[in-house]
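Novice: Residue strings, one per chain:
Protein chains: 2
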Amino acid sequence: MSPTKSSKKPRTAPPEVRRNQLINATITCIANKGISGTTLSAIAKEAGLSLGLANFHFKSKDALLSETLKHLAAEHRDLWQRDAKREDLSDSDKLRSIVSAQFHSRICSRKKLAVWFAFFGEASHRKTYRSISSQIDLERQELCAELIQGIAAEDGHDEIDAEQIALTLEGMFDGAWLNMLMYPAKFTRNQAERQVLDYLDLVFAKNVSRRT
Amino acid sequence: MSPTKSSKKPRTAPPEVRRNQLINATITCIANKGISGTTLSAIAKEAGLSLGLANFHFKSKDALLSETLKHLAAEHRDLWQRDAKREDLSDSDKLRSIVSAQFHSRICSRKKLAVWFAFFGEASHRKTYRSISSQIDLERQELCAELIQGIAAEDGHDEIDAEQIALTLEGMFDGAWLNMLMYPAKFTRNQAERQVLDYLDLVFAKNVSRRT
DNA sequence: ACTTATTGATTGAATAACCATTCAATAGGC
DNA sequence: GCCTATTGAATGGTTATTCAATCAATAAGT
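First to last, the sequence lines map onto chains A and B. When we follow this note's numbering, the leftmost residue of the first sequence carries the number 1, and every step to the right adds one. When we follow this note's numbering, the leftmost residue of the second sequence carries the number 1, and every step to the right adds one.
The hints are simulated quantities; they were obtained by calculation from the structure and are not laboratory data. This structure is a prediction, so every number in the text was calculated from the model and none was measured. Don't take every hint at face value.
The list makes no distinction among identical chains, and a pair is therefore deemed to hold if it is satisfied within one copy or across any two copies.
Only pairs whose alpha carbons sit at most 25 Å apart, straight line, appear in this in silico DSS-like list of lysine-lysine [what the hints assert, rightly or not]:
hint	residue 1	residue 2
1	70	85
2	33	70
3	33	127
4	112	127
5	112	33
6	70	127
7	70	59
8	45	33
9	45	112
10	70	45
11	127	186
Let's have the full structure, built from the sequences with the hints guiding it.
Specialist: Now the structure itself:
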């Protein structure tokens, strides 16, 4: 590349780059204006690209929205699933890392929460969004149920309802997320995490005291 | 009213009637299409009224949406607040009735949930919606904290963190609502209520076992 | 090294449809 | 008769999608 061009970005980029630019712009726009206030024009402008390019890379606005949700979901899954695979961690530490990932600053930013809830707000009439989201929810829930079962077994008893607790946990994650979105000044990530861990302590303390 | 007109509805109605027709139509439309897919035309059609009449009774589409949320919130508050005022109920029963109200079929229908989450989805950039919702949330949360404190005092100890538990309870309500919206076949109102009551049992069982 | 051809990327105007708001005309009720 | 309620067309603006023209990058040819 000649010196006269060294300060200029190339005009073209690979499809993956463009798609990511558009997806990230979509996230920003949804966070700022919601889904109803997000137009293709605004996304293109936010990405510093043209309206036509958005349409070149995504078949339709709807396709772009769905891909944006998939991107969010994958980012989220990558994080909580990473530690869950480590063989050097105990079941208890694995469960804890899943909780931790749920409230990680990269996942649980106000911006991302706003986007998640924008999609939840559409979910009742958009089966696509429900299924994108539920895939990874189910995976996490099942994994948590196994871990909970494992922890209980280590404590010496098997009568815990691991699936029910995992389900409760899922609800707590979502509820905490919503509270963080609605009351950012009052409810922090640390508080949210603390809340969930307290619940788990309660669950396992109950079983411990049953043993004594 | 003359016999020839007895089978016909009057063409005019009082403002409160019209406003309620429009608000209820709005709820139906949002439940079916989300906020982004809800147009004034669709609302007017759903209400069996004209577009102009919608604009006559509400200053703007935005005003209609806000009033719709207020309507939902008031309906909800009336229900949980009713039993909370009864002097013949114990703190424990009052708390239980608040939980029960949260999952009452009139409040917690799929339709209403869809609308609630449509508004939550807009909440990050709509301060109006946040404040409508947070008013009654705060009232309920404070009331629950008092009741939890009262129950703990009856059990003979005061070291429970009532405010934290009330906050956790709020999160559980929201989380359960979202799970019901996302997984209607898997997660019923009864399961949701059970989940919350199990949590409360845990909380109070912990304190009971501390005493023994 | 330079030129030309080819293919994919990019642009933004055009298009058609949609939407919230306005408003003049008409209807209804007292 | 008067005032309010109701209607639906008009208005102006917005939006998603389409598409022709242009640009950019690479490969092939000289």
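Novice: Run every hint past the structure and note whether it holds.
Specialist: Evaluation of the provided hints:
In this assembly of identical chains, residue 70 and residue 85 lie within 25 Å of each other by CA distance solely inside one copy; the values are 22 Å within and 46 Å between copies. Within a single copy, residue 33 and residue 70 get their C-alpha atoms as close as 20 Å, and across copies as close as 21 Å, so both meet the 25 Å cut-off. When the C-alpha separation of residue 33 and residue 127 is checked against a cutoff of 25 Å, the pair qualifies both within a copy, at 22 Å, and between copies, at 12 Å. Taking the shortest alpha-carbon separations for residue 112 and residue 127, both the intra-copy value of 21 Å and the inter-copy value of 18 Å come in at or below 25 Å.
In this assembly of identical chains, the alpha carbons of residue 112 and residue 33 lie at most 25 Å apart whether taken from the same copy (13 Å) or from different copies (23 Å). Proximity of residue 70 to residue 127 under the C-alpha cut-off of 25 Å is restricted to the intra-copy arrangement: shortest distance 13 Å within a copy versus 28 Å between copies. With identical chains, the CA atoms of residue 70 and residue 59 are at most 25 Å apart within one copy only, with a shortest distance of 16 Å there and 38 Å across copies. Proximity of residue 45 to residue 33 under the C-alpha cut-off of 25 Å is restricted to the intra-copy arrangement: shortest distance 14 Å within a copy versus 27 Å between copies.
Taking identical chains as interchangeable, the C-alpha atoms of residue 45 and residue 112 lie at most 25 Å apart only when both belong to the same chain, with a minimum of 20 Å there against 36 Å between chains. For the identical chains of this complex, residue 70 and residue 45 are intra-copy neighbours only, at 22 Å inside a copy versus 35 Å across copies, given an alpha-carbon limit of 25 Å. With identical chains, the CA atoms of residue 127 and residue 186 are at most 25 Å apart between copies only, with a shortest distance of 15 Å across copies and 33 Å within one.
Consistency note: the structure conflicts with none of the earlier hints.
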